[in-house]
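Asks: For reference, the chains in residue letters:
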Amino acid sequence: MFILIVGAGRVGSSVARSALAAGHTVSVLDEDPLSHERLEVGMDRTWEEAGGRFTVGHGMEVDALTEAGILDADVFIASTDGDNTNLTISQIAQKHYEVEKVIVRVMDPARAAWYSEQGLHTICPTQHAIEMFTSALGEIG
Amino acid sequence: MYVIIAGGGKVGWNLARELIAKGNEVTLIESTRTRYLTIEQELEHAVQYGDATELWVLERAGIARADLAIAVTGDDEDNLLICQMAKEKYLCERIIARVNNPRNRSWFELLGIQPAVSATDLILRLIEHEVPSYGLVHLLDLRDEQLEIIEVEVTSSSPAAGRAVQDMHLPEGALIISLLRDGRGFVPKADTVIQADDEVLLVLDPGLEDAITAQFAPGTLDAA
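Protein chains in written order, with the working numbering: chain E, 1 to 141; chain H, 142 to 365.
Wrong hints could be hidden among the right ones.
Unchecked claim - Cut-off 27 Å, straight-line C-alpha distance, at most; resulting in silico cross-link-like pairs (DSS-like, lysine-lysine):
#, chain 1, residue 1, chain 2, residue 2
1, H, Lys151, H, Lys228
2, H, Lys151, H, Lys163
3, H, Lys163, H, Lys228
4, E, Lys95, H, Lys163
5, H, Lys228, E, Lys95
6, H, Lys228, E, Lys101
7, E, Lys101, H, Lys230
Said to hold, decoys possible - To be clear about the criterion: a stretch of chain H counts as covered by chain E if any three or more of its residues have a C-beta under 8 Å from a C-beta of chain E, and this derived list gives those stretches:
#, stretch
8, 189–201
9, 216–229
10, 244–253
Stated by the list, open to error - Pulled from the structure, derived: some chain E residues nowhere near chain H, Cβ distances all over 12 Å:
#, residue
11, Gly23
12, Thr46
13, Thr55
14, Lys95
15, Gln127
16, Ile130
Note that these hints are calculated values from the structure, not bench results. For every residue, glycine included, the Cβ atom is placed at its ideal position computed from N, Cα and C.
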């Protein structure tokens, strides 16, 4: 599968590495050229040598998205550090570029819940943390 | 009418003031603490502190009974999402979104947010001096008429500085409609010399922004 990831922070870069290791074609788009280094953490060769793609640009710009390969993407993952950016670009990927599978990281549980009702595949780390804490509390008794 | 305004910048604040003066009930939401405190001195209970992209902030402001939601923050993504939530989650029938970067306009339309700019907004932006990095302020799109009105600030290094209006090599479809100098606006004549610190209002056919930028942006004289 061709996976396009926007936002190569800690989450995005880790997902990118795992997906690449799992044999997928992975393209990463990030505004910050330095995030390329983060992609290579723990790897013994460069990101490109490993078969990955990297583009510098903003996820709301048509040129950047095109260069990163959105027209061929099967999966789109929005994992920048901004909820609002993620929600906007994931909807653009879904509605304008008609990417089949769109996954978006949303830190705010309330909005994650609402947007997932609207048909976006949202992942809310905050909600997961809340559930883990709550169940850990239960175990402690 | 009950109006919620997200974003207490110059546009939001002036809009709130204007709407209150006309007898409307207004809540302005501002997320920067110091800015909120400044506005609160004047608007008191009509301003609330918080991030308008958070649902509970919108709910606290009373989005459920709002007749009109206006998103005028400096961030297009925020404006888009605020309007989207107001419209689709809280069923607010009338929404107005500000588009900061004209290139994002198509995304607003795609996601069902029809950006609208009111006449008030046009006047308010005349006194608003925030200039995006490429030096143009998008004032108004006359969509049906296929025209745009933009504002551009002349700096001392602009190719336009010191040049008479008749000597400007403006592309076809662009016209200087007014100059703002020392806070006063006037319609220039052909021999009016454009000076540094002038603000120039132009009306143009869509898509000519880049050609205009070349005329007014600093350091492009030799290239032109």
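Asks: All hints, please: hold or fail.
Replies: Hints versus structure:
1. A C-alpha spacing of about 24 Å is found between H:Lys151 and H:Lys228, which places the hinted pair at or below 27 Å, so the restraint holds.
2. The straight-line distance between the Cα atoms of H:Lys151 and H:Lys163 is roughly 18 Å, inside the 27 Å bound, and the hint therefore holds.
3. Under the criterion of a C-alpha separation no larger than 27 Å, the hint pairing H:Lys163 with H:Lys228 is consistent with the structure, at around 24 Å.
4. Our distance criterion of 27 Å between C-alpha atoms is broken by E:Lys95 and H:Lys163, whose separation comes to about 39 Å.
5. With a CA separation close to 18 Å, the supplied pair H:Lys228 and E:Lys95 stays within the 27 Å bound.
6. Proposed proximity of H:Lys228 and E:Lys101 is supported: the alpha carbons are some 25 Å apart, at most 27 Å.
7. Using a Cα cut-off of 27 Å, the hinted pair E:Lys101 and H:Lys230 holds, with the two alpha carbons roughly 23 Å apart.
8. Check on the stretch 189–201 of chain H: 4 of its residues sit with their Cβ under 8 Å from a Cβ of chain E, so the three-residue criterion for coverage holds.
9. For the stretch 216–229 of chain H, the stated coverage by chain E holds: 8 residues have a C-beta nearer than 8 Å to a C-beta of that chain, and at least 3 were required.
10. Chain E is given as covering the stretch 244–253 of chain H, and this holds because 5 residues of the stretch bring a CB closer than 8 Å to a CB of that chain, at least three being needed.
11. For E:Gly23, the non-interface assignment is confirmed: its Cβ lies about 33 Å from the closest Cβ of chain H, beyond the 12 Å cut-off.
12. The beta carbon of E:Thr46 sits about 32 Å from the closest Cβ of chain H, which is more than 12 Å, so the claim that it is off the interface holds.
13. The beta carbon of E:Thr55 sits about 18 Å from the closest Cβ of chain H, which is more than 12 Å, so the claim that it is off the interface holds.
14. Under the 12 Å C-beta cut-off, the non-interface status given to E:Lys95 relative to chain H is violated; the minimum distance is some 6 Å.
15. Every Cβ of chain H is farther than 12 Å from the Cβ of E:Gln127; the closest lies at roughly 14 Å, confirming the non-interface assignment.
16. Every Cβ of chain H is farther than 12 Å from the Cβ of E:Ile130; the closest lies at roughly 16 Å, confirming the non-interface assignment.
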